[in-house]
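Protein chains in written order, with the working numbering: chain A, 1 to 755; chain B, 756 to 915.
No lab work stands behind these hints: they were computed from the structure. Honestly, I wouldn't trust all of these hints.
[As the list claims (entries may be wrong)] Derived pair list, reagent style EDC-like, types lysine to aspartate or glutamate, alpha-carbon separation capped at 20 Å:
id	chain 1	residue 1	chain 2	residue 2
1	A	634	A	694
2	A	279	A	252
3	A	419	A	446
4	A	423	B	841
5	A	258	A	694
6	A	279	A	607
7	B	798	A	186
8	B	798	A	187
9	B	798	A	190
10	A	634	A	670
11	A	416	A	166
12	A	364	A	684
13	A	419	A	163
14	A	125	A	142
15	A	139	A	187
16	A	168	B	865
17	A	419	B	806
18	A	258	A	607
Chain residues, written in single-letter form:
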Amino acid sequence: MADSKDVTLKIDDRDVTVPPGTLVIEAARRMGIEVPSFCYYPGLSLQAACRMCLVEVERAPKLQTACTLVAMPGMVVRTNTEQVHQARKAMLEFLLANHPLDCPVCDKGGECELQDMAFTYGADKSRFAEEKRHRPERKWSEAVYYDAPRCILCFRCVRVCDEGMDVKALGVGQRGSQSVIIPNGEDHLDCEECGMCIDICPVGALTSGTYRYKTRPWEMKYVSTVCAHCSNGCKTTLSVRNNEILRANNRDLSGFNKEFLCVKGRFGFDFTSHPERLKLPLVRRNGHLEPASWEDAIAEASRRLAEVHKASGADSIGFIGSNRTTNEENYLLGRIARASIGTNNLDHHRTADYPSLIAALGEKAAAATVTMTQLYEADAVLLIGDDPTQQNPLVAWQIRAAIRHRGSRLYVINAKSIKLRRKAREFVEVSQGGEAAAVSWLSGSDETLDPGVAESLSALKSALEKENNVVVVFGAELTGAAVRDLVKFGASLPGQTRYMALGDYANSRGASDMGLLPHLLPGYAPLADVKAREKFGKVWGAKLTNKPGLDARGMLAAATSGKLRALYVVGANPVKTFGVNANERLGKLDLLIVHDLFLTETAKLADIVLPAAAAYEKDGSVTNTAGEVQLVRKGGDVMGTRSDFDILRIFSHQLAEHGLGQAIRLRTPEAAFDEIRQSVAGYDLSMAALLLGEAERTSPISTAGGQAKFDAPVGAIFSAHDTLFASGSLGRYCTTILSLPEAGPKTTPEAGAHS
Amino acid sequence: MPQKGSTWNADRAILRIRELEHLPGALLPILHALQEEFGYIDKAAIPLIADALNISHAEVHGVISFYRDFRDTPSGRHVLKMCRAESCQSMGCDATIQHVEGRLGVKLGETTADASFTVEAVYCLGLCALSPAVMLDGKPYGRVSSEIADFLIDGMQRQK
């Protein structure tokens with residue numbers, strides 16, 4: 001829709017109307033006219049260093065750089081004239097003056113912007129007779145290598161590191177033809193190791209330590225999936241050759257994370273080929289875990305579980321699910337627990353209080369939560385708790401980008417001086433764990449605070465009252481009643497306040513949405529709700545009990561006291577996460593079944609261990625912390641493993657043979673997702689959009705109404721506070737990430753290593 | 756004027772940084788001050804400057820390496836800058852440079868073992884009319900043949 005302020009100009013004899021301030025290069029691209037460029041990168045500051053985008057502008061004395069030229073009314077631009085072609089050819093001649101012609105061995109060969117441009121616009125020979133300058137290649141870190149002669153000095157890497165990441169690890173040294181990119185640590189990088197510089201490099205100057213010299217781009221297939229680590233759900237493209245994942249990057253920029261990936265998204269895929277990966281089921285015989293066939297392991301698992309059920313009843317069995325497995329797998333696990341076994345002893349490691357937020361928002365829940373894209377569009381962000389730079393890197397990136405591009409304001413309440421503080425208008429430092437008290441104070445309670453904190457909080461409050469449509473982002477520091485207080489405070493602010501809760505892992509939100517909780521069915525339907533029980537009972541072919549179940553800590557305690565006889569763990573490491581004494585062997589359990597990728601602390605105690613496929617090795621869907629659902633795709637494959645989906649499905653058939661529940665007849669994750677779309681509130685999403693690789697937001701509405709409880713038991717919801725270089729138990733098997741100096745001494749893993 | 760003493764001292768460096776850090780665009784004045792103080796800019800100064808100005812180490816290093824006049828190693832007591840630009844080359848500076856290199860036993864860019872002389876190449880001193888030109892401790896000289904170069908070096912060696 002044309003605005004009266006819009007500008008109309010002519011490019012290559014066609015009129016185009018663009019908003020004021022649009023650059024000519026963008027206007028041309030909008031029309032489908034390619035103006036070549038290296039240094040221009042949307043979202044970064046302008047450089048005009050490469051001179052590739054020169055265009056002819058009527059009445060301008062000489063060629064102009066389209067990347068810095070703002071479109072003006074009546075401007076007449078030509079991109080396809082002899083003069084422009086000459087200029088492009090000449091520029092490429094200069095860029096290639098010292099560029100080595102080592103394309104046949106260069107990693108970038110085949111997907112190199114310089115190569116493409118030289119083919120399209122370049123001359124067939126160079127007039128430079130001088131010898132090319134050579135400089136040796138440098139290893140800046142395990143992740144990043146720099147090959148100076150290939151560099152064309154577009155400074156994209158310097159800008160993305162400074163402006164985008166706020167790390168400022170790269171600079172420019174020397175000058176003129178001697179210029180080189182230099183790292184901050186003299187000869188090495190001291191940074192967040194995100195590898196953004198590698199992906200953004202238009203040539204092969206910056207190469208990835210994990211990928212270099214391994215393969216060529218045309219020998220791989222590309223699988224678009226969702227990162228397996230934190231809860232932000234960045235889209236990542238796996239480059240796969242012979243079922244082996246060789247690289248993860250952002251090839252098509254189609255996700256809501258666009259070009260962004262952190263160190264985990266880019267380098268944290270090698271756990272899939274870790275030598276300790278489990279490839280055969282293990283069954284404990286005479287006190288030792290010994291390899292077994294899939295048939296024997298699953299048959300034994302179901303037989304023994306049925307025995308426990310018969311001997312001690314349904315409530316002597318507990319289930320702990322994963323916050324990394326797909327929605328479909330979580331849904332199936334919930335079904336097995338509630339329908340096949342008939343217990344509500346079902347939980348997972350909760351890292352954010354999604355149920356409380358959804359309950360507190362009530363019917364507004366869909367409109368009052370933000371997606372990652374909407375976070376970038378926010379004018380004001382209030383960040384309470386968490387350290388997004390470390391724990392939720394995309395959230396931090398979106399906030400920084402909003403500040404940089406749109407002048408958004410950031411307000412921070414935190415017990416630590418987190419890095420995002422540098423970007424904040426106001427920073428309120430509360431005491432350790434004091435976030436909830438601060439929120440309670442803001443909501444108008446008579447909470448007594450330290451006078452200094454109260455003073456800065458009231459400054460923050462009056463600043464927020466001048467804002468409109470604030471987005472509140474909060475971590476696991478706020479749970480239960482604090483979330484309710486927060487929503488109360490948000491309602492007092494002008495405009496519509498919207499929220500985002502930050503969890504820890506790739507499907508933390510999905511585990512919650514799919515009802516891996518003792519008191520909630522999928523879609524946050526309360527167990528007490530007869531209609532909801534009847535609905536799921538009908539779908540699952542069983543009568544669901546409303547007998548309250550145990551949460552994860554409750555199950556572990558019951559295992560110690562002997563009340564719980566069997567525990568079924570899918571992709572979680574409760575021994576580590578909940579700090580159970582491993583020597584007690586989880587109490588008096590008769591049966592411990594674990595699905596996992598590795599022999600974790602919990603799996604070591606198990607009676608039956610089933611080797612599961614990782615997140616990069618299966619199809620399904622995951623939901624990020626903002627409630628955006630995306631499909632994950634099978635990239636690699638490890639012989640001997642099976643997806644949790646298959647294991648659970650087969651398991652249900654076996655249980656049915658022992659007279660427990662009905663066999664699950666959903667053959668594929670797609671079929672299960674279809675059932676989820678029909679039965680889980682908020683998941684009736686457009687399949688077409690998902691299949692096209694888009695993210696669709698769920699809109700669950702809590703039906704709890706007045707019954708909502710905000711008294712989550714203390715310690716039920718907590719974050720592992722993983723850094724950029726840690727990722728639960730899974731992080732212990734990411735060899736590349738652990739090799740980075742910034743990863744420091746081994747971190748304490750918290751959550752399941754799983755998938 | 757011979758170069759000043761070149762013993763690095765972090766406290767003195769911090770003082771000089773403090774004096775100037777409030778200026779807009781303080782980086783260049785600080786670098787000049789440190790070079791004046793120590794005769795070169797020690798690597799240890801980079802983190803101090805970066806912290807004071809809230810810029811990255813890479814940026815400070817980038818600026819130091821951008822300007823040829825900033826040194827990152829101590830120089831000799833005397834610095835002889837010899838022009839190698841077009842005009843001086845066509846007037847025979849290469850012969851003079853070879854002569855000086857031979858006499859002092861160093862290559863361009865190096866410092867003599869006794870730390871008395873640093874010889875550097877420069878590209879144009881703006882004295883093309885008097886090519887070949889050199890600059891000795893900040894003072895320009897024109898028409899510098901091998902004999903005149905000897906004369907200049909002799910003069911400095913006598914001085915000490």
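Evaluated hints:
1. A/634 <-> A/694: 17 Å, holds
2. A/279 <-> A/252: Not satisfied, since the Cα-Cα distance of roughly 33 Å exceeds 20 Å.
3. A/419 <-> A/446: It is violated: about 31 Å lies between the C-alpha atoms, which goes past 20 Å.
4. A/423 <-> B/841: Not satisfied, since the Cα-Cα distance of roughly 50 Å exceeds 20 Å.
5. A/258 <-> A/694: 12 Å, holds
6. A/279 <-> A/607: 16 Å, holds
7. B/798 <-> A/186: Holds, because 10 Å separates the two Cα atoms, which is no more than 20 Å.
8. B/798 <-> A/187: 13 Å, holds
9. B/798 <-> A/190: 16 Å, holds
10. A/634 <-> A/670: The hint holds at about 13 Å.
11. A/416 <-> A/166: 18 Å, holds
12. A/364 <-> A/684: Holds, at roughly 17 Å.
13. A/419 <-> A/163: 14 Å, holds
14. A/125 <-> A/142: Not satisfied, since the Cα-Cα distance of roughly 37 Å exceeds 20 Å.
15. A/139 <-> A/187: Answer holds: residue 139 of chain A to residue 187 of chain A is near 8 Å, not above 20 Å.
16. A/168 <-> B/865: 33 Å, violated
17. A/419 <-> B/806: 15 Å, holds
18. A/258 <-> A/607: Outside the cut-off at roughly 44 Å; violated.
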